[in-house]
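For the record, the sequence lines run as chains A and B. 1 is the number of the first residue of the first sequence in this note's numbering; add one for each residue after it. 1 is the number of the first residue of the second sequence in this note's numbering; add one for each residue after it.
In case anyone wonders, no lab produced these hints; they're calculated from the structure. It is possible that some hints are incorrect.
One copy or two, either will do: identical chains are not told apart, so a pair holds if it fits within one copy or between any two.
[What the hints assert, rightly or not] No farther apart than 20 Å at their CA atoms in a straight line, the calculated lysine to aspartate or glutamate pairs in the DMTMM-like style are these:
(1) K79 x D12
(2) K79 x D196
(3) K274 x D285
(4) K79 x D180
(5) K134 x D313
(6) K134 x D285
(7) K274 x E249
(8) K134 x D263
(9) K274 x E253
(10) K134 x D282
(11) K134 x D145
(12) K79 x E68
(13) K79 x E188
Number of protein chains: 2
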Amino acid sequence: MHDRPPSVTLSDTERLNRLRLIRSDNIGPRTFLALMRHCGDAATALERLPELARRGGAARSARICTEESARAELDACSKFGVSLVAPGEMYYPPRLAMIDDAPPLLAVRGALEVLMRPMIGIVGSRNASGAGLKFAQSLARDLSDAGFVVISGLARGIDQAAHRASLAGGTVAALAGGHDRIYPPEHEELLLSLLDAGAAVSEMPLGHVARAHDFPRRNRLISGAALGIVVVEAAQRSGSLITARMANEQGREVFAVPGSPIDPRAAGTNDLIKQGATLVTDAGDIINAVQPIMARPMVLEEPDDQYSEADTDPGDRARIIALLGPSPVLLDDLIRLSGASPATVRTVLLELELAGRLERHGGGMVSLIA
Amino acid sequence: MHDRPPSVTLSDTERLNRLRLIRSDNIGPRTFLALMRHCGDAATALERLPELARRGGAARSARICTEESARAELDACSKFGVSLVAPGEMYYPPRLAMIDDAPPLLAVRGALEVLMRPMIGIVGSRNASGAGLKFAQSLARDLSDAGFVVISGLARGIDQAAHRASLAGGTVAALAGGHDRIYPPEHEELLLSLLDAGAAVSEMPLGHVARAHDFPRRNRLISGAALGIVVVEAAQRSGSLITARMANEQGREVFAVPGSPIDPRAAGTNDLIKQGATLVTDAGDIINAVQPIMARPMVLEEPDDQYSEADTDPGDRARIIALLGPSPVLLDDLIRLSGASPATVRTVLLELELAGRLERHGGGMVSLIA
Numbered sequence: 001m002h003d004r005p006p007s008v009t010l011s012d013t014e015r016l017n018r019l020r021l022i023r024s025d026n027i028g029p030r031t032f033l034a035l036m037r038h039c040g041d042a043a044t045a046l047e048r049l050p051e052l053a054r055r056g057g058a059a060r061s062a063r064i065c066t067e068e069s070a071r072a073e074l075d076a077c078s079k080f081g082v083s084l085v086a087p088g089e090m091y092y093p094p095r096l097a098m099i100d101d102a103p104p105l106l107a108v109r110g111a112l113e114v115l116m117r118p119m120i121g122i123v124g125s126r127n128a129s130g131a132g133l134k135f136a137q138s139l140a141r142d143l144s145d146a147g148f149v150v151i152s153g154l155a156r157g158i159d160q161a162a163h164r165a166s167l168a169g170g171t172v173a174a175l176a177g178g179h180d181r182i183y184p185p186e187h188e189e190l191l192l193s194l195l196d197a198g199a200a201v202s203e204m205p206l207g208h209v210a211r212a213h214d215f216p217r218r219n220r221l222i223s224g225a226a227l228g229i230v231v232v233e234a235a236q237r238s239g240s241l242i243t244a245r246m247a248n249e250q251g252r253e254v255f256a257v258p259g260s261p262i263d264p265r266a267a268g269t270n271d272l273i274k275q276g277a278t279l280v281t282d283a284g285d286i287i288n289a290v291q292p293i294m295a296r297p298m299v300l301e302e303p304d305d306q307y308s309e310a311d312t313d314p315g316d317r318a319r320i321i322a323l324l325g326p327s328p329v330l331l332d333d334l335i336r337l338s339g340a341s342p343a344t345v346r347t348v349l350l351e352l353e354l355a356g357r358l359e360r361h362g363g364g365m366v367s368l369i370a
Numbered sequence: 001m002h003d004r005p006p007s008v009t010l011s012d013t014e015r016l017n018r019l020r021l022i023r024s025d026n027i028g029p030r031t032f033l034a035l036m037r038h039c040g041d042a043a044t045a046l047e048r049l050p051e052l053a054r055r056g057g058a059a060r061s062a063r064i065c066t067e068e069s070a071r072a073e074l075d076a077c078s079k080f081g082v083s084l085v086a087p088g089e090m091y092y093p094p095r096l097a098m099i100d101d102a103p104p105l106l107a108v109r110g111a112l113e114v115l116m117r118p119m120i121g122i123v124g125s126r127n128a129s130g131a132g133l134k135f136a137q138s139l140a141r142d143l144s145d146a147g148f149v150v151i152s153g154l155a156r157g158i159d160q161a162a163h164r165a166s167l168a169g170g171t172v173a174a175l176a177g178g179h180d181r182i183y184p185p186e187h188e189e190l191l192l193s194l195l196d197a198g199a200a201v202s203e204m205p206l207g208h209v210a211r212a213h214d215f216p217r218r219n220r221l222i223s224g225a226a227l228g229i230v231v232v233e234a235a236q237r238s239g240s241l242i243t244a245r246m247a248n249e250q251g252r253e254v255f256a257v258p259g260s261p262i263d264p265r266a267a268g269t270n271d272l273i274k275q276g277a278t279l280v281t282d283a284g285d286i287i288n289a290v291q292p293i294m295a296r297p298m299v300l301e302e303p304d305d306q307y308s309e310a311d312t313d314p315g316d317r318a319r320i321i322a323l324l325g326p327s328p329v330l331l332d333d334l335i336r337l338s339g340a341s342p343a344t345v346r347t348v349l350l351e352l353e354l355a356g357r358l359e360r361h362g363g364g365m366v367s368l369i370a
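Whenever a hint applies, use it, and build me the whole structure from the sequences.
So this is what it looks like as structure tokens:
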């Protein structure tokens, strides 16, 4: 089973320039995408970066990743057996390329073919019950036997049970830190053994030690790369529920394993089912639900975002900035309320982002950084 | 909270005659209803019974309950503190009166006001887990505190846990045998204590010892009297799932309590949720779902079934009988295929029933008894 044939291959220069861009200050995946749409390629974007940030009101010029530093990262990756791939390239998980904050470059390691196959995410509590662990194992094994790749977060509990049970068929670990900074450290052996038939992916540079906020960010890779995610056990307000929310926002299927109402580890999964997640008692429930999705062609909607090349009218810029605040607002509302052209609004927002003054949220919302 | 004001009161004679009718051979609740529609009142029905059965091809005349025997039953009931009430009368559970096989006379005992209040059925395994019992208790207590009457089957396990936890607020036991033949015998004390604030109901005569097939039949009283039923724990192919199916057929809400997929006692409830039952983790889930139903007026659709008074054309009768077999067929199909009038078809079917040659199923289906 292959998910989609790859279509593009970057030149070495373009890959290097994209790496410089995404490793520069104030540039996350969404800003990267906006910049590429505005400028056409990474070289032009790097050239125009200082001017755009200045227009956005940057107090001081933001750090731009040097060519030297990017080359050093590529060399280190190469030595560590890690490749950096862009959306649309071979070994970039095809479904992950469709999300609106797809990593511009994904660091991949292992038996990379596995990344082109249909994936199912399995996530759940770190302090899982015996029943939860046992179920995660049998589910992962059955999905693996049916030809699906299990993707998870290499954490203690449900994650590692799912990885271990699907080692032979190929399993993918999405890392919150760099490839050389495995968390938790005692799962380094598990990671090495899964690379034989599976792979590890990360959007972080080598050497990056995962911090608390990197984990929810990493979770979007699990749901984004997968057809759907299964939450095996989850208390209220747990990390697995964040993954479920992301899966929902990304249009992925959400599956949840039921449990007794008097077991707090089932509170989150039972709630998910109440909210519309599909109840799962065996792999067949998942396979039946994703088969029609696999049968549909994957179409990446290329947004026809326009950016204005000309210098923005100062009155327009002032009106747009005045409409922004710390509460997220819709881009469409900004266009309507400011009376400026969509191209002008997008350009002003990009400039503000590069100046470190704007945050992008999901669903086309933006807010000013206080 | 009262469900609906009562509207009718039977005369002593009519009650006696209805009792004779329902205690006669070949007359179940559906045949009783057909007879009453055909004949207008119980006295006329008793009078016409032999003739109708003869026309249906009865080999020998079926036993008709004597006036003496019916009087004896009424006397015994009176001594035992049991009243016999008909649909539409005070203390006949209003929603139970709406099902198409409502008991023509229901034997009721205890604090009868409770039978007019909104009920929720709680059912589940006899060999329930500790978690299941604990959950059934807290659910029954919370529903009771919220003003609902818990109705169940007095069985071991979930049933008794639900009754015990709702004793103070009033709980209803639906019996499969007569009021003086409590099953299981060790729950006689529980039955007596629930009569203080609650009630017991049965459609069987005093002295009747419940047999296996009486239990599924009794289950329709639990679901029929209730706004909805909650299945707490149920293995595949268990009696509680029969109650859930009946609830569905009766248009009642079905609620199910989830459990771990590796617990066989949750297999039935998880399946119910997959099939559309509402997942329940607390009483609020149930109350929210039934509130809009309670707000709707209860309307008993009086069918405008016609019966032919004249003797049936022998050709019509032969054609209708030829269309019948051991597989259930729809009444509507019989009318269409036979070319006879609906009144004629209904009359022939009633005659066959009274001759003990026809079985009525739910959904307007009938079959010939081989």
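Results of checking the hints against the structure:
| no. | hint | verdict |
| --- | --- | --- |
| 1 | K79 x D12 | within (17 Å within a copy, 98 Å between copies) |
| 2 | K79 x D196 | within (18 Å within a copy, 82 Å between copies) |
| 3 | K274 x D285 | both (17 Å within a copy, 9 Å between copies) |
| 4 | K79 x D180 | within (11 Å within a copy, 85 Å between copies) |
| 5 | K134 x D313 | neither (63 Å within a copy, 69 Å between copies) |
| 6 | K134 x D285 | within (17 Å within a copy, 29 Å between copies) |
| 7 | K274 x E249 | within (17 Å within a copy, 23 Å between copies) |
| 8 | K134 x D263 | both (16 Å within a copy, 12 Å between copies) |
| 9 | K274 x E253 | both (15 Å within a copy, 16 Å between copies) |
| 10 | K134 x D282 | within (12 Å within a copy, 27 Å between copies) |
| 11 | K134 x D145 | within (17 Å within a copy, 38 Å between copies) |
| 12 | K79 x E68 | within (17 Å within a copy, 101 Å between copies) |
| 13 | K79 x E188 | within (18 Å within a copy, 79 Å between copies) |
Checked against the numbered hints given earlier, this structure breaks only hint 5.
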